[in-house]
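Colleague: This is what each chain is made of:
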Amino acid sequence: MSEAQAMHAAEIPAASTDDILRIEGLVKHFPIKAGVFKHTVGQVRAVDGVDLVVRRGETLGVVGESGCGKTTLGRTIIKLIEPTEGKIVFDGQDITRFKRKQMRPVRRDIQIVFQDPYASLNPRMTVREIVGEPLRIHGLYTRGEGARRVEELLRTVGLSPEHANRFPHEFSGGQRQRIGVARALALNPRMMVLDEPVSALDVSIQAQVVNLLAQLQRDLGLTYLFIAHDLSVVRHVSDRVAVMYLGKIVEVGSRAEIYGSPMHPYTQALLSAVPIDSPDQRGKRKRIVLEGDVPSPANPPSGCRFRTRCWKAKDICAEEDPPLVPRGGGAHPVACHFAEIMRPLDLVEDAAVAVAPTKTI
Amino acid sequence: MPEPVLSIRDLTVEFDTEDGVVRAVTGVSYELFPGEVLGVVGESGSGKSVSVLSVLGLIPQPPGRIPFGEAVFKGRDLLKLSRSELQDIRGGEVAMIFQDPMTSLNPVLTIGEQITEALKAHNQGMSDSAAEARTVELLEVVGVPFAERRVHQYPHEFSGGMRQRAMIAMAIANDPTVLVADEPTTALDVTIQAQIVEVLKAAQRETHAAIILITHDLGLIAELADRVVVMYASRVVELGDVFTIFSRPRHPYTVGLMNSLARLDSEKEWLEPIPGQPPSLITPPPGCAFHPRCAQSQGRALCRSDIPVLRDFGEGAEHLSACHFAEELAAREVRTGAAAEGS
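Chains as they are written, first to last, in the working numbering: chain H, 1 to 361; chain Y, 1001 to 1343.
Hints were generated in silico from the structure; no laboratory data involved.
Treat the hints with caution; some may be incorrect.
Stated by the list, open to error - Calculated lysine-lysine pairs in the DSS-like style (CA-CA distance at most 27 Å, straight line):
1. LYS1074/Y to LYS1120/Y
2. LYS284/H to LYS1120/Y
3. LYS284/H to LYS1074/Y
4. LYS1201/Y to LYS1074/Y
5. LYS312/H to LYS286/H
6. LYS99/H to LYS87/H
7. LYS1120/Y to LYS1201/Y
8. LYS101/H to LYS87/H
9. LYS1074/Y to LYS286/H
10. LYS1080/Y to LYS1120/Y
11. LYS1080/Y to LYS286/H
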């Protein structure tokens, strides 16, 4: 048992529930400032009331398009960004109002891996310094042990200890992402927020990193919050999946529920837009092409936020924000007044492209 | 077989860099036939974009140069044309759609001004009102709502997807014979990507242009391409009909690429990545550049000594592979097929 693990065991009592992370009513608004005096003229509602539970040892995928708030959600959970409202409970401990110092031990348990391995590694530091930095910050980098721990971490992520003296620019994108993963692993975290960890990588390298993450999860019993826009990758890695749209979760369920029997029109449209796997599937996938773009999170539509692009929208959708609850005969929660199962991934003969008309209510 | 509209032969492109000469494209040959969608697929640094942009005079020279090759378009070698002759062709008979519409559109001109400019640059004597009317029409073809109003807006007033539509409208403005789309959907969200795929189909219906679709996204290739050129480390490693490339790939790199994808229709627990890293283009491995990562080579000397040529390996000129052992891949598949039947 390493030193870090030993300290771990001493400080944090054994968890009593299956949930490692529980967030309730999480809100993050960013002020929009304007004018000479920087008056706040509005709020970007990046995350606007999210309830979510992450179970110990699982991978929860969070999908959605750019601007849906998934990255802000990930960063707010680990308090790189302070939440505006709501509650974050990590391992039975309410960390919402934790100050920097209080967060320190929590930061050991929950780490983040960023999307861009070119931007997230300090170019002036060697790999040894980068991977060893979390240990130093937490006072765990001892003379003999520190270097050995870094080498061990490099081996864990499929790099060789000889790489320790090199600088980030000497590595390819995939290798840099391994360095980022090694750094995140340094403190023996129990949970990792993976923010688009493979989307900047080439396809053949993506698969390497996805497998590495899966192997680490298996070996170290990690819990992942896997944030990504690639629905094929998310399906591959996730046990459960949450779909976000404009700062809210619109549907959450097991992988089989979300991909096999999605109930929210947005999930259905999103899935139907995923490119086909091979040319044999041309014209056999139902396509729901959404008109228009995602509305501004500074001025989201009233009621259900998806209604302006939804083909099912009726008056009630403008008036009432549908809560995220099981409905329509399904077992998993979905935030739609008219939720019903549709399976856009089933292949059919002569599938037509359906264009969902823009509604202006 | 119809005459190709564009025929690239033995093209080599080099760049001088601080670390040495980078061969971004090595001896690349392919043809583009009228009305087809030719997918050029490869990972970053494979040379897929440079192979096309260089023949259109769109790489800076220096540091770039084209020591060999020709690119015959309608009987003329594009590589021998003067700058102004090329300029006449670009945006006219050969038009382009780039990945990032924000950097390819002029931020201080309205969308309408930019499209009418493109129209008038290639149609001398076109009246302002005719150009404006055509601009609105083009924006309607690509599905920009309220086109009449939106022609007066600036690029920043358009969303990413709408900007890409405006780019496509501009590209098809002069009824091009060849449309080059370089990662046209990469910067866009999934639902917007799906829109743009439909717009590209509409653009092709409108112009009957032959499209060169440069992308790393095999999904986009599966969706749109008729034929596929697969590039690796500056060379073409496989070429064939899209259905053939997906169902019977005959280069170990293509096989590896297909296997490494997370697919929606697969229940594999582990992905099958290609091991190792893409090679340096300054000091590529000897012999076949793919051999250090190759599952087929198994350390055979031939792979380390001889650079394989793109060849017909027994399936005719329509399906070419640059693997010394392409026949083995075919044979192995037949065997596994037979085994499956027997069991």
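Colleague: Which earlier hints can't be squared with this structure?
Modeller: 2, 3, 9, 11
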